[in-house]
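Take a look at the letters that make up each chain.
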Amino acid sequence: MSAAPAYGEDKGGSAGPGEPEYGHDPASGGIFSSDYKRHDDLKEMLDTNKDSLKLEAMKRIVAMIARGKNASDLFPAVVKNVACKNIEDPNQLIRASALRVLSSIRVPIIVPIMMLAIKEAASDMSPYVRKTAAHAIPKLYSLDSDQKDQLIEVIEKLLADKTTLVAGSVVMAFEEVCPERIDLIHKNYRKLCNLLIDVEEWGQVVIISMLTRYARTQFLSPTQNESLLEENPEKAFYGSEEDEAKGPGSEEAATTALPARKPYVMDPDHRLLLRNTKPLLQSRSAAVVMAVAQLYFHLAPKAEVGVIAKALVRLLRSHSEVQYVVLQNVATMSIKRRGMFEPYLKSFYIRSTDPTQIKILKLEVLTNLASETNIPTVLREFQTYIRSMDKDFVAATIQAIGRCATNIGRVRDTCLNGLVQLLSNRDELVVAESVVVIKKLLQMQPAQHGEIIKHLAKLTDSIQVPMARASILWLIGEYCEHVPKIAPDVLRKMAKSFTAEEDIVKLQVINLAAKLYLTNSKQTKLLTQYVLSLAKYDQNYDIRDRARFTRQLIVPSEQGGALSRHAKKLFLAPKPAPVLESSFKDRDHFQLGSLSHLLNAKATGYQELPDWPEEAPDPSVRNVEVPEWTKCSNREKRKEKEKPFYSDSEGESGPTESADSDPESESASDSKSSSESGSGESSSESDSEDQEEEKGRSSESEQSEEEGGKRKMKKRKKVTEAQGDASSSDEGSDSSSSSSESERTSETEEEQVEPASWRKKTPSSSTPTVTPPSVQPVSPPTIVSTSLATDLEGLTLTDSPLVPSLLSPGSGAGRQELLHRVAGEGLAVDYTFSRQPFSGDPHMVSVHIHFSNSSDTPIKGLHVGTPKLPAGISIQEFPEIESLAPGESTTAVMGINFCDSTQAANFQLCTQTRQFYVSIQPPVGELMAPVFMSENEFKKEQGKLTGMSEITEKLTLPDGCRSDHIVVQKVTTVANLGRVPCGASDEYRFAGRTLTSGSLVLLTLDARPTGAAQLTVNSEKMVIGTMLVKDVVQALTQ
Amino acid sequence: MIHSLFLINSSGDIFLEKHWKSVVSRSVCDYFFEAQERATEAENVPPVIPTPHHYLLSVYRHKIFFVAVIQTEVPPLFVIEFLHRVVDTFQDYFGVCSEPVIKDNVVVVYEVLEEMLDNGFPLATESNILKELIKPPTILRTVVNTITGMEKGETHRELPSWLPTGQLSSGALAKDWIDAIIDKSGSTITAEIQGVIDACVKLTGMPDLTLSFMNPRLLDDVSFHPCVRFKRWESERILSFIPPDGNFRLLSYHVSAQNLVAIPVYVKHNISFRDSSSLGRFEITVGPKQTMGKTIEGVIVTSQMPKGVLNMSLTPSQGTHTFDPVTKMLSWDVGKINPQKLPSLKGTMSLQAGASKPDENPTINLQFKIQQLAISGLKVNRLDMYGEKYKPFKGIKYMTKAGKFQVRT
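Residue numbers (UniProt numbering), protein chains in the order written: chain A, 1 to 1038; chain B, 1 to 409.
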């Protein structure tokens, strides 16, 4: 089958009408050896450069094949000519299908050619061809697994690809070829997370399940701090239920409360994954929804798992096969997280039209969901089920009632009574099943149920199902003391019918006899001996064995066996009651949603879901290069991140940091700001691109046109991707700096902050006006101008809303002292400008205040006292810090609106006993926030701000300050500005807006290679402009 | 991933096979036949069957089993979802998905399958892309459509009939389904409304459509076609999308459970078996309840009678009824409900002589349709188009249908 297209290609591509050549071939009647010779010259012909000779050769080969001659050793030569030629075709569709054809030929001889073709296609400019290359990788791997190393190189290359088209296919190749090479994912992790929503559905499934595994190896368990609670599982259980019931609003509360007990900070990358997969719960594809559901089940903190329930319940309205798989998974989940599905109890009610297998699974779920509160409704449902015509289902229902009865003590008697009533059912199967279940229930509290046992004993006359008879006999034997009058009589009857019984019944008769003999030998001695004699000659050897064994044990013989003295202990030992468990218990050690989970057995190729690591591996491996404007991020933060658990005398302590950071990441995922809708815009961009691509596939347009279009599209795509991937925006917008990139790589990696935090800085500045982003209306994408569109693309960087992240980088000003240790009587206070938008008010500068207590008494009630502020300046105080133990440190965030001036904000810092007057004076560079704009916009805006608004200063850059990197770093350290891409290599542009008024601040630095430079600042706030020039010049010339 | 696909008809013949990797012998299907035998009914065949070397994943639709063979671990829903997508594609291509149609179009079928999977991994599964690669057989399709009418292709084919032909147009059909279980006394045990919005778009260029609802809060849980921008929905509750050409399902929704569900029909029933009598009484009446003044049409009542029922002699006040003595399935095609003269079905059942009365009274399943009404109250506010200059025709229709509507007796 596989080779067929290749031949088709031969014919269609080059040979033309092959049949007429038949007669030409002189070898037609010839000898075999001549064929070999012929092959040689055919090979030569194929290897020439002349098309006519090649064509001739092809024709002859086709003729040979037509006659069934073996031409396989010519195969590589043919393929090389046909496929390789097409692989260089200008049309991307032809290139792609040539590769598809080539890679579908499963002949080992072709491996080297295939390898070459894949490598070439992997760097093709068309994403569609690259996708095909990714598809070809597993094919080649299955053909020749020795190529693994080379293929991994190709995979690594394709993993770095930034198009959504390729992502799914290459991860699929990764999963087939080298799922163990988790290290290849690190660098691409964030990109994959961000691309995910735009990848096609099949790719999403593969990527999500791969990322689930990845996250299990790289992050810490989010439930680890709940382990304290786990000692008392009951309590933890209900606790989590309540949280879920309260809905998303309580999530924050729950997660902030928990870390307080034990420091756990969710890795921002972990949060990123959870946040980016959540929208996919709305996918129309059941496979995607299931994939996300299992990801949440395996990776999310308990309080957040609840969101998947609704989506899974939705899948229950799909085809029955989908229901079947989903219910299996729900059954497993509902054991661990009952509260999650409890609100949807009614969705699992059974309809008479459901197929039996669905009914039984629903029953399983209903049983798992039954609790003290809902058991009456559940039991009422069960009652209707028992009358169903589907007997298998009725049997399963009875089992389910039994399980409810064991799990919920309150209804045990009700259930038991109900089951006893079923004993008079006309259907024997129902009765039998009830008996079996009653037996299990009675074992828990036999003393009170003599009546039921009597009732059961009567049934031995009527009931014929062996399993039920055996159960009754066992019960009577076990509890013969409760029914001393009836038991011997039952034995009498059974002895009479012994020979006609089934094997399991016979065994139980022997047991009953033995037990009665031991307790009531007077009445039953003869009966027992009769039964044992009958058994001795039974056809079944098990029964004969049992009879022999029993006789030796219970009948005292002259030899007086040592064992017979213990016979009573052997037969009448108290037996533990059986535990009725769900068959889905502990299935969750398989990854949910997987085939292995469904079968409850390991399928071939199943990748074990690893346990959470004890210690998180280094998170910095996922860092990628950052664009310049984030350079301000500094080492301080890294340091803090690396030692979150012990507190330095100077530094911040771990616990408080975690307490701070967690709610932030929480709200980052939950609150919906317009910045998100902004990114929606950009996804629309990529949508349309995808469509363009699809259209491009079918249109046989001219090469130049198409390639040109392609390139344009690619460019646009790159810009789009800026939304999540720092490095891509770097490449896309700033090609001039890429040369210096490599030398910086190591350093940037070290300095890199997780994207969530650097992205947060952008929103207030990137919006055209400084209205708070949460109310920013978004105009429909189609009517925005191109320049605005780029603006909006900048906006998408703010995907995570306004929240100060973990202590972020202080600015160039570094840490400043607010209150000295001595003056503060042991309380030392420092502050840094975090350069993040202040969550309460975008006009405010967010200031991180670090307190540390170096005295030996706790400092209590730290708060801001009545501030005396100059006009216009306002302060958002930090929440009161109740107590700071000696030697401890903590951090608080406050917001100050400086009203675009460098006036100091004076306020009191109060403790319970003391008040300190302090003041914070901002450097001018902190009064602004970066803005993204294109070069053209920059020039346009600059053109508007000339004359009075332009301040120019000449300076000479010292030798140590001439590389791009240093210049950019120095400028961004002084002022919170964003870099603007620039065509000229010696020019640097930065843009920002002042926080309060939103006036533009544009900074241009024109540096000559000689060191002479000119600094220009354009801003309508002249004071700010002047001060900024001063500060920047100072920083650059130092 | 997916190794091979076998199509098996209800009589157990493999009438089509397709392999994407190496050829897997047909004999692997023996395991499937075994399971089929055990299951007795087609819908009870387990969707996943493990065999020593392969795993068989199957879906059953249009009386055909689509059996996929896989060798290694893969999420089962991935395969099942794909198989359903294959069926949907066939339906879209050929109007109906049945054995004769597949056999007639075997070339197109193979081409489509080849394009849908590459080496077992899905490649092009969107029907608008596929149709650009492989043209659907047009003449045949029209023939099939005229012969079979519209009733087979359930959702999509309802749309174009009322859209103006030969004009740039976009239409949407909002359809509610009521799923309900009504208990013996007529009180509702569970009832919920779910629905879909199917769209049919015939617009040139790159239109960017925005659809807004009067009452988006009604929608409790939604799932979208991939073209819908999720972020826009999250922030503004507006559906913004660049539509693919042709028919597609834009949105599926579930109406929040707090809203009380209006049940548009009631069923009065009196079904009684007497012990030691070979006759039973049977009487049902169907009537409108909360219909907002609309007519209930297309009412069909079906009921699976207990095994003890040998035959039924019934007289309907309107419509036609059938009773299959083998499967014990009673079906009554009522048609429209006239509130002045409620349709009823009365008569007797003849029961097996000597057998005791059945434990369970049969459940009654109801199908019906209400035009121009979305029982959930969902209303589309407006549909706007950006990005193109022309003024297209825009239309929206509402409909309510019974989903799984059961009355326990």
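None of these hints come from the bench; they were simulated from the model. Bear in mind the structure is a predicted one, so any value in this text is a computation, not a measurement. Hints may contain errors.
[As the list claims (entries may be wrong)] Per the computed footprint, the stretches of chain A lying under chain B, defined by three or more beta-carbons under 8 Å from a beta-carbon of chain B, are:
id : stretch
1  : 196-202
2  : 350-358
3  : 408-421
4  : 595-602
5  : 972-980
[Claimed, not checked] Some chain A residues judged to face chain B by a derived CB distance under 10 Å, without partners named:
id : residue
6  : MET172
7  : LYS187
8  : GLN294
9  : LEU315
10 : TYR324
11 : LYS346
12 : GLU481
Glycine is no exception: its CB is placed at the ideal position from the N, C-alpha and C atoms.
Now the hints, each set against the structure:
no.	hint	in the structure
1	196-202	holds (count 4)
2	350-358	holds (count 6)
3	408-421	violated (count 0)
4	595-602	holds (count 5)
5	972-980	violated (count 0)
6	MET172	6 Å, holds
7	LYS187	24 Å, violated
8	GLN294	8 Å, holds
9	LEU315	8 Å, holds
10	TYR324	5 Å, holds
11	LYS346	4 Å, holds
12	GLU481	37 Å, violated
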